[in-house]
Every structure is written in C-alpha cells, then in structure tokens.
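Number of protein chains: 4
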Amino acid sequence: MLIIMKPNSTPQQIEAVVNTVKAHKLTPHITHGVETTIIAAVGEFHTPSTDPFEVLDGVESVKRISQPFKLGSRQVHPENSVFPIDGFNVGGNDIVVIAGPCAVESKSQILETAHAVREAGANALRGGVFKPRTSPYAFQGLGEEGLEYLAEAREQTGMPIVVEIMSQVQLDLMLKYVDVFQVGARNMQNFNLLRMLGETRKSVLLKRGLSATIEELLMSAEYILAGGNKQVILCERGIRTFETSTRNTTDINAIPVLKNLTHLPVILDPSHATGHADYVAPIARAGIAAGADGIIVEVHPDPAKAASDGKQSLKPEKFAEMVKQVKAIAEVMGRRIAPINKPVTAGW
Amino acid sequence: MLIIMKPNSTPQQIEAVVNTVKAHKLTPHITHGVETTIIAAVGEFHTPSTDPFEVLDGVESVKRISQPFKLGSRQVHPENSVFPIDGFNVGGNDIVVIAGPCAVESKSQILETAHAVREAGANALRGGVFKPRTSPYAFQGLGEEGLEYLAEAREQTGMPIVVEIMSQVQLDLMLKYVDVFQVGARNMQNFNLLRMLGETRKSVLLKRGLSATIEELLMSAEYILAGGNKQVILCERGIRTFETSTRNTTDINAIPVLKNLTHLPVILDPSHATGHADYVAPIARAGIAAGADGIIVEVHPDPAKAASDGKQSLKPEKFAEMVKQVKAIAEVMGRRIAPINKPVTAGW
Amino acid sequence: MLIIMKPNSTPQQIEAVVNTVKAHKLTPHITHGVETTIIAAVGEFHTPSTDPFEVLDGVESVKRISQPFKLGSRQVHPENSVFPIDGFNVGGNDIVVIAGPCAVESKSQILETAHAVREAGANALRGGVFKPRTSPYAFQGLGEEGLEYLAEAREQTGMPIVVEIMSQVQLDLMLKYVDVFQVGARNMQNFNLLRMLGETRKSVLLKRGLSATIEELLMSAEYILAGGNKQVILCERGIRTFETSTRNTTDINAIPVLKNLTHLPVILDPSHATGHADYVAPIARAGIAAGADGIIVEVHPDPAKAASDGKQSLKPEKFAEMVKQVKAIAEVMGRRIAPINKPVTAGW
Amino acid sequence: MLIIMKPNSTPQQIEAVVNTVKAHKLTPHITHGVETTIIAAVGEFHTPSTDPFEVLDGVESVKRISQPFKLGSRQVHPENSVFPIDGFNVGGNDIVVIAGPCAVESKSQILETAHAVREAGANALRGGVFKPRTSPYAFQGLGEEGLEYLAEAREQTGMPIVVEIMSQVQLDLMLKYVDVFQVGARNMQNFNLLRMLGETRKSVLLKRGLSATIEELLMSAEYILAGGNKQVILCERGIRTFETSTRNTTDINAIPVLKNLTHLPVILDPSHATGHADYVAPIARAGIAAGADGIIVEVHPDPAKAASDGKQSLKPEKFAEMVKQVKAIAEVMGRRIAPINKPVTAGW
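Taken in order, these protein sequences are the chains called A, B, C and D.
Those letters in the first sequence? Residues 1 to 348, by this note's numbering.
Those letters in the second sequence? Residues 1 to 348, by this note's numbering.
Those letters in the third sequence? Residues 1 to 348, by this note's numbering.
Those letters in the fourth sequence? Residues 1 to 348, by this note's numbering.
Everything labelled a hint here was simulated from the structure, so no lab data went into it.
One copy or two, it doesn't matter: identical chains are merged, so the pair holds either way.
Calculated pairs, EDC-like style, for lysine to aspartate or glutamate (alpha carbon to alpha carbon, straight line, at most 16 Å):
#1 K315 x D57
#2 K315 x E54
#3 K305 x D57
#4 K70 x E35
Because the structure is a prediction, the values reported are computed rather than measured.
Sequences are here, hints too, so could you generate the full structure?
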C-alpha cells in the first residue's frame, strides 16, 4: 500500500501515518519527494481496505499495490483451473456450450429443447425455475416442478443441468437436483449466498453484475473460493452503458483481461449481452475468438411464446447453425467443443 | 402499446400482430403510413412486457405508452404520500434528517453518535448491523447485539431507527427492533425480499441500485406497494459512471424527476453519493434545494477508526454545521426539519 | 511517479526502470516489499505521461502522484481567480446569471429575449450564431448577422454577450463582437482551438465534454491558461450515463470537486444538464446550493417555435421565477447575483 | 412520428398538435385509447427533430418511427457498399488490415514500420502527423514533414496511407498526400470538418466518439454522404464506461448492429479499444469473428520509445503473429485479407 501525503503535510501527520502503518503490522518506507512525501507500507496484509489510511489528516490518496483477490489470482495459481462437471471438463482445452430456455415453462418445452440442443452440439442444459422479474406482475417460475423436469431432461440427454439459485432458502431443495449453480448478475454481490455456495462442492457459474467491475467480479469469486469450493466459472454477460441499441454492452475485453488475471474458467453469455437473437451468433463467435472457455445461450422452441426473454432466444435451428460456427472458430483456436460421455436414453 | 412494423412487412405479418393484440384482450388500431404501418394496442393492460410483440415477424419495434408502474405513479395518486415514522411525518412539508454510523461497532460508539446527531438536529438514527462487504476478509457486523444497542439509543434519544435488511432470514429478528427497514442498493432488485417487506406494515427506505434506472427504482417500489405496504421512501445514493474523482455520481436530476413521477417521499444520501466527507455538506444542500424530502448521512465520532466508510463519514461537529446549512436552505424552500416529539431520556 | 514492478520482476528489469527514471532527469527511490518492488521517481517533471514507464518489461503499473494540471491548480494558486467581464466580476462573491436562446433566430427574437432576461435579473446574454447540429438537415445558424443582433442587444441592455466559437476560422470575426467565448462540450478537446483562445485576452467559458472526466476538463483549461489567458470559466453541463429519463445526468458532485481542485470560477448549465424545462429551476437551485459561481440558462420567448432546444428552454416568466429562487439560495450562501453597472438604453 | 398525449390532455391541446402536424405537411391519424390519445404523423418528412412537438402543451412524449439517417441506411441501400482504396477494395468479401505507428516520428521509424507491417500482411499504412494530446506539454506531431515520409513509405511498399485530419485548415495540404482521411473520435461531431470531407472524393475512415451512440455515428456519416462522398468506412474504437481495467470498452456488439443498420464498411481498432498491447490480438480476432470488414492496429518498432501510445502498440513480430490469427479467423468466415496489387520497390 502506498500512502501519498499532501504537498503541505506536517511531520506530525507523517508520523501519524507511520504509526497507523505499524499498527497494521506493516513496515513503513518513506520517500521524501520534491512536492510530496510517499510512505510505502510493506508486509503481509490481509485486508484490501485503504480506509484506515485515507481518513488520516494530511493524506492526499492511498493506492493499493497488490491485487485484493488472492485465491482466484493467476499470480498465486499460474495454471488454469480445470474441473469436471458431470461428464466433461471445464477450463482446459475443451469448450463448454450451455443452452436452454430462460425459464422452464412445461415438461414438453424443456424436453423438446434439451433434445434439440444436445443434437445441435450443446453439452449442458440451462433453465430457470425461480424467475426474478423486474415487474411484480410477470411470470415467476415453476419452482420444484421445474427442477423435476430438468432432472428428467438430464436423464434422457446425459447433459448436466445449470440452474440459477436466487436465495439461501432455495439451497437444500436445489442441491438434490442441480449440477451447476448459477448466480445471476443481480446476486453477484449477495455475499451471504456466495459464502453458502462456498460451503458446497458443486460448481458455481458466477455472472458479472450489470455494473460490476472486473475486480469486483473476482472479489465475489473470492467469497466462494474462501469456503473451499474451487469450482467457480466466471461469466461475462454484458454491462450497462449509455448505448441503447442493444440490451447491454458485451465487454469483450473482459475475456482476455480475466484470462490474464485469474486461473478460473471464463465463459460468455451472448444472449443477455446483446438482447437480440440476431446478434447472438456473431457475439458467440467473438467470445470464442477472444479466448472464452465456453458460452451460455438461451434457446426456446417457440420464442414468440416464451414466458420471458423471447426476444433474445434462438430457435433450435438457429442455435444449430451457431454451434457449427463456434466449432469452426474453436478449431482455429486449437480447441474443440467438449463431448458428452453419456448416451441419449430417450427420444423426443 | 405501439407496434411499429418494418417497412416491408407483409399483410400476413400485420394480421399476426393484430391477432396477438386481440389475444391479450386489447383493441388494435391500425395506421398505414408512407414508410410503415403502426398498430396501437389500446385497453386495460396488466403486464408491461413488450416481449410477446417484439418477437413477431415483421415487427420493427414496440413502444410502451403507459408507465409500467401503477401504485407509485403520481398519475394514479396525484397527492404526495405522507406517513408517520415514529414521532414525525415523512413526505409532507417537513424534512427528515437521518444520521448515524455506517456500522454499529459498540454500545458506546452508537450512543455517543446518537446523542450527538440528535443534538445537532437529526430526527432519525441509522446504523448497520449486517454489513455486506466487497471483501470476505472485512468486518461483517454485530448482528442482534447491534440491534439492542440501537434500541437503547432510540430509548435515550427518542429517535426512530433505520436499519438495513439484507436477507429474508433476518426479517423476524429485525421486526422486533427497527422502525424503518432500509433496502440497500445491492438489494434493490432482490424481489423476494421486497415482496416480503410489502407484507409488513413498517416503513421501507428503498435505495436506488448503483446502475438502476429511475424507472427500475419505481418498479422495485411497486413490489412493496403491491403487498399493501404504502410506506415506501425512495433514496437516490449516486450511480456508477465513468467519473472516478468521486465514489459515485450523485444523480441530482433524479430528485425532481422522481417528485414528478411519483407521490412517494424522495430523499438523498450525500455520503455514498460522493464518498468524501468534504463533499457531503454541499451535496446535502443541493439535494434539499432540488426538492428532496430529506437526507441520510453517515456520521462517526472518530472516522479514522470507523470499521467501514470512514472516508465519507462526518465528525459530529461537521454534521452540526451541515444541519445548520440544510435548515437554512429548507427555509428558503418553505420547509423545515421535522421536530421529534419525544424527550431525550438519558445523557451521554 | 510510482512504478510498481511485477512480483517476479528481475534485477535487470528493475535496473532498466531506474535508468529510464534517470534519463527523465528524475531521482529513483527503491522500496523492496514482500511481494513486489516499488520505484518512486522524484523531481521536477514536465510531462504527465506514464507511457515511457508502462511499456518497460517487468512493470506492473505506474501511478502518477502529482496532478497533471498546474496553472489551474488550487495547490499552485490557492486564492479564487476573480476577473471582470464587461460590467461585473466573475469568480468572487457575486454570482453570474447568463441567459438567452440556444440560437439567435431573428433580430426581434434576440432583442425581446434580452430585455426580458435583463428585467428578470440576468447579467449576461447568450445566443448561438453557428449551430453544430447532430443532423445535417437542421437549422445551422445566422452567422455574422446573428452577431450584429447580439451586439445591438448588448447596446440596448448593457449585458455582455457570450457566444460559442466552433472553429479557428471564426475567430477574427467573433473577436469584433463577443465579450465571452463559449467553447462547447464537443470542442472541449479541440486543442488547436483552445490554444488559439489562449492567445486572446477575452474570457472563455469552457464546457465539460459529454464524457470528459473532471481531470480532462482541467487539462483542457490548461491549454488556454498556458497561452497567458487567465480568464477561464469552467462549466458543468451534464454527462452521458445509462439514465435516459433526462437528456444528460447533472454531475452535481463536479461543483464542489472543481472548487476544491481549481481556483477558476465554476458555473452550471441546468438546461443541457436536464434537457427539460420543468427541471431547470430545481437544478439551478441545486447548483448554487452546491457552491457554483453562476448558471447559464436557455430562455426563449416561444419555445414551441424555437429552431433548436425548445424542449429545455424556459419562457421568460418561468425564468423570472427561477431567478427569484436562485437569488434566495444565493443569499443563504452569503452571496448575491452580480448587478450590471450599465443602464438599459432602449425599450422593447 | 408518434405523439403521445398526457392522460388528461384537452381537445384544444390535441387540436394544436394536429395543426402542428399539418403545418409540417404531415397527415395526422388519431387513436383514442383508454388512458391516452395518440397522434401518428404520417408522410414524407425531412427533419428528424421531435422538438416542435415535444414542447406543445398536453404532450407526454414523442417517438420517432423512421431512422434519422437515410443515405447510410441499409433499408434504403440493401447491398454492401464496396469501394476501392488505392490497390484493393473495402466493404466486400476482402478484409482490410491497416497498421502503423500512432505518430510519425522520423523517416527511419515510419519506413521501418511500413516494410515490417507490409511483410506481415498489412494492406494499408497508418500514421499521425498532427497529434491532439490531452496535455499541452506533450509531442504534437511532425506536420508536412511527416506526410512526406508517409508518401515515401507508400512509394516503397505500395500501401495506401491513412492519416488523421484534425482541422479544416489542414485539408489542402493533406489532399496532396493521403489516400484515406481518418476522422478521430474527438472530431466525430465536428460537423464543419465532416461537411468539408463530403465535398472531397477521398475515402474517409470515421471513428466513433468516446461516448457517441451507434445512431450518432451514423448521423455523422450522413454529413459526409450528403456531400456526395460515398466512401465512408465506420470504425468502432471503444467507448467510455465505468470499467477501468482497460483504456476503453470495446463495444463488440456495435459490429453486427452496424452491419445490420448500414451498408457501409465497418472496421475495428483493437489498439484504442483496449489500450494494452497484450489484448490487441484477442480483440482483433473477436472483431473479425463478429463480422468486421477490417482492423486498424498500432504498430511501433520500439514501443518503449514511442512518442505516444507505446503501451498499446505492437512490436512488428507480435503484429505478424496477430495477422496469422486474423487470417485464420477470416478463412472460417469465408473471407481473406485483401492482397495489394503493387510491388515493393525498395527494401529497408
């Protein structure tokens, strides 16, 4: 930590800073410049907070040197984290393609979609059963009934299932069904929920918040990792900016930045990141070309009748086209879409 | 709702839109323009979603006409909502001044602060007991012990207490203590929590999310109002923008915009909106001058020792100066700081 | 300047940094920490660029310590800059109220507006004669004819005139007429134009760009100050954010932040900062309450017929109401609206 | 245009709107809804402004139906615009790769770079000769001397040259040298400059402003197209958002959105869009995968000694690697990097 003093700071103020540095069990190194004095606080340091220094009299600003995240940092763990979801690995050379409807609406809808996306090349199935809607007057999800349908779809297609958890009270129920917990953008800083998921040993797909920085995303991952759960997948899903021609702005830079900062797998959600079915395929291709370890895509057999997010959902045939393109880009990158090691056990 | 067709849309596509309009029990009115056709969907309409229309073939865009929020709308309820917190009214001519530390740290800290802010002119006390921190390694709050200290501070000073609720599981405990539930920026779209608070009959101070639009804030209020709880106070607390010289950007425009759109009381949090103690007073004055019904301000007896948010906390003497300025601005606006109708029962 | 090395940087890399520091005639101070090494570059330094250090191998990041602006800095010049516009002073205790139409449209329009705003209490007149419009198909301004009308309005009302300059080729013409050059948001980083205005000895009202940081605004002022022209007025006029309920987001924080960082006068444009006539008065009041040295407001005798910006223009009677409110807030702040020392010489 | 009346608007107000519609030679179509009245204004309409309607009493809001840009619209001109730069075509199946230093610094620097990038596969050369710097204390460019060096580089390598124009006064000089005028982000709304370039018959590479919407970029292109110059190339170069881990946020969505809205060629600048040499190659690949018609990349023989933008400049060998990757992605997309039809006439 670097504490930069104001140009006219007094020796007493500098001394107070030095004492605070020592009180935090750090060693102060003082540099007297022409305009100002700088105090470097060196040593083991477990809290990233600059607050106790910023409030001292005579302090101009405080700058952190080390990254505030540790367990997720590539500096600490240089090799990629690779871990299995049911049937294949994430974070290595293989690419994960998660697909399915925004919400599970009926048994036939989810089974039809599951078979269609598996046939098109997907290797995991997504589907929401608790829906957080902006309006209190909209469809709110099927709950446990939806989980049962998803489990049946897994049974038939061999694909693991990815389901969003929205509250601590849903954990016990969901543990019985899901393979991967999804934490949505709105819950990225629901620290109680994150800490609870850190106690489980199931994979967590953690979505970046609408206006969260990349560093904040990594700090949220830290909550899960700190509990001993090392199976965290990060997901860029678009950020909020001034541009209104798309629902969100895909922060494609976040893909190589995250791959540089962390050893965790990083995937892209081109559906939420654009909000328009027409733009999903180009942005999915861009994500893989930029180095993403996978994609998560909304697919619905009849988007015009979808209970939610119809506008950004692909029809199965459009999804199949997209997978072909993604596959071709993956090959150029020296990668492949991970194959599922389980048979399809029922038709549709 | 207005459905605007693409320039080259076919009669079949227009008919499909008309049928969908009718299926939603709305009446279609068609206008054939030179470049395009517009279909107005007229009638009672309970869902704000434009999704079912946007996904139809041939549709260029869909524009909502009516506001998606109803219960909070000034069109529906033209008069200001005025309701009592323990001891005085909010939303009328009087101004509420809520003050206190970010976190309750000890009995002496909260009692000292409570007496100091009451003496300076505050009429309600704030203090967090569950702290959502960006880092898993930071102080996480005192829990019920903190609630007890707050209750004692209320007892001694006569000020109602405002405490943040962060999870559904905290409700029963908090109901025994708090006068006003605060919903923090990160939980503005925690719809399960909002719905639960709508079932209570305690006032709710709902903070705008870091990157939530004004319309989304009003939609979140709708969740609480829909449960029958009409005592919702909206709070602007700064939004995230590209500017980094302050912690957030105070959206001062939101004050008159909200006062125009809704009948609910609107207050400002200049502490989070700026992040610097030096800027709290000017922005508090600006908020009242712009028409806010109150302010909520962080005060700490010794900011340099605060467990959190020390940088933006005012010392009691600075807070007292600020209250004098706010009072003077309020008088120019024809308003006053609401007096508390309860005596101070213990000294500090 | 602080150069922070990567954790695994080599002695050779550190030496290369040290040599680069010396090559820039700075003195290196090295701190070896547990995780990393920090090199402070101390001394007189004329360029704010961190580039030559950031590109060196082994460098993690480079942090500037001193402010990149000098002439505008309050550290360098602690007292407020106060300077006369024709008839009164700016930057001292008095407040400037600049009013007038977006564009000069006709002789009668500008004379009528000038008399109305002077009567209401304005002390300077604004009006555009070259209009930069987003669309090539819109009204583009009256040019010199407009300048003549403005000069006549000054003659009749005694108010100095503020006119936007948009290009270097307009300088000679405008020098004959205007009292204050306005540089619009889109030209805030038109450095050739700024440098040219630095050569004149007329006041410059420099508007913040739509997405310019406060620091960038101060760097642009530096271009004018560096030419020897010390009469620079800074203007906050709203920034672009994700919020769409107003045209821009007033960065009210910028008022106290700028007053803290610089000795230059700071004013607010509530018309562009909101884009709605209904919100101009509350935001003008907020600006003065936050410490602004003045306001610039769009006024039009018949907004429905305005060639541009009608939506955000006040009718003269609404402007008169606003001035009364601003005056009352100014008094609370211990200030007053600057009086004009010249008589009205003709009626309207 | 759709004019939506307030719920309580009067018949007189509706009549005033109808009259204004007719005064603009449009035909009004009135729909009386349950809550409100809507007036559709139908007909040929040459101005995109909604202002004259928004200021009328009783009007809630006004919504444009048709796009405000015409000449650049794909609705008007469904086929891709394809046009030659010296030696090859832009906008068709072939991809343009423009490379070179931020600033021309010396004859040897630009010749060395030109030969290196041509050998690596670039087909056009960039280099700035007038540098707009944020600080008045930084390097400002070589001017005509730089143009002469660029011309010599073109002579030797056969590559056309792309140079930024910053002011109207530079036009005559630059016309003698450059093949493609670049308009920088800060000048995207310098309408006088755009109009002047519309009078020339040289290609214009128009960069999106830092905080310009996609629609505003297309409106700026309209200024050039309206002058009869149809050779406009649009360039996404990153937008300003809250994320600070990269210099800008690449709006990768803008690539497919622009390809959908306009027939003009669209390219990407991964250097400015990221600001870090390490992220240039992944984002260049992403751009081509998303459908861009080319890229423009900063290359410098010795980034550590670059007068500007060294941090984001690639060394020639890194650039050569990137071109190989871009070529492979282009092939997957069924495209190729355009070959130059001119010989190299001198070595380096």
